[in-house]
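K.L.:
Sequence:
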Amino acid sequence: MEIYLDILLLENLVINYLILYVTAKFSRVRVSTLRLFAGAIVGALYVIFIILQPGMKVYYTAFAKILLSVFIIAITFSPRKVLPFLKTLVIFYISTFIFAGAALAFLYFNQQGGFVRNGIIYVFGQSRGSLMFFGIVTVGIIVKIFMEVIQSRINKDKLLIPVKIAFDNRIIGLPALVDTGNSLRDPLTNIPVMVVEFKALEELLPSEIRSIFENSKEDDLNCVTATISTSRWFSRFRLIPFSSLGKENGMLIGFKPDFIEVGEEEEKRDIKNVIVGIYNRSLSGNDKYKALLGPELVA
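Under my numbering, read the sequence shown as residues 5 to 303, first letter to last.
Hints were generated in silico from the structure; no laboratory data involved. In this text, a Cβ means the ideal position worked out from N, Cα and C, and glycines have one as well. Take these hints with a grain of salt, some might be off.
[Claimed, not checked] What follows is a set of in silico ranges between Cβ atoms, one per label pair, in the way DEER data are often shown:
id : residue 1 : residue 2 : range
1  : Pro-191   : Ile-70    : 15 to 21 Å
2  : Arg-285   : Glu-265   : 20 to 26 Å
3  : Lys-168   : Glu-218   : 19 to 25 Å
[Said to hold, decoys possible] Computed list of lysine-lysine pairs in BS3-like fashion (alpha-carbon distance at most 27 Å, straight line):
id : residue 1 : residue 2
4  : Lys-85    : Lys-203
5  : Lys-276   : Lys-260
6  : Lys-272   : Lys-221
7  : Lys-221   : Lys-260
8  : Lys-221   : Lys-29
Whole structure, please, built from the sequences with the hints as guidance.
P.N.:
Here it is in structure tokens:
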């Protein structure tokens, strides 16, 4: 059987790219197209190498393939900590098995020639293009179904995430809910807004701002603007229009924190481009969370 290396390289490049793309989607990691191609090229070149050097049996071993997987994940995703790295690696293997299963299913049902040797699937004749198309379509359907099932089964407890808010060299911690419907932004800077209960923020706020909420004057625009304009923190505070949280055409008082820290110890990240909107009611009926985070702040 003749093997055309250029076609084999192209096929593996496409499939590897799709595997890494699916891995990125499932692991919810942002990665550039360039990095996806870099990882895909490494995998494709490995296949070409072991075909050109069939005598080097060490590269056919499971250990060598695991090292290759680790190298591909490191190049593509650059995870800095062990747990995120292992999580991405596992998702990478799952994505690979999905693609391989789709390819073998095609060979079985289509009754065309092909075989597997040393972990590489070879396809005879005219079925090569059909195999790639069938694999891509099948995996696309599987990924869509999996994503829908996973998202439909995520409950609020799993969307709870610890958050720390720093302002004027003071820090408070509170539980926040990742709210997929929260797309609130500061109209001036287009920075995303997280909404936090006043009671949870009380000790962070300057006394003059605190008095607005203690006296339930947050809806009195004249009082709010007069108070903020005379505060030494004037440049840090914003007025944010909103039409949610059970109220239309409302105005939310917000401030620019020093930073917020989102997530657990292993995956926590500092975010500076965020506005904290102050809400003078309870966000949760059972006090499980004190803040609402937009999904882009945890992506």
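K.L.:
For which of the previously enumerated hints does the structure constitute a violation, in increasing order of number?
P.N.:
The structure conflicts with hints 1, 4, 6 and 8, although it agrees with all the remaining ones.
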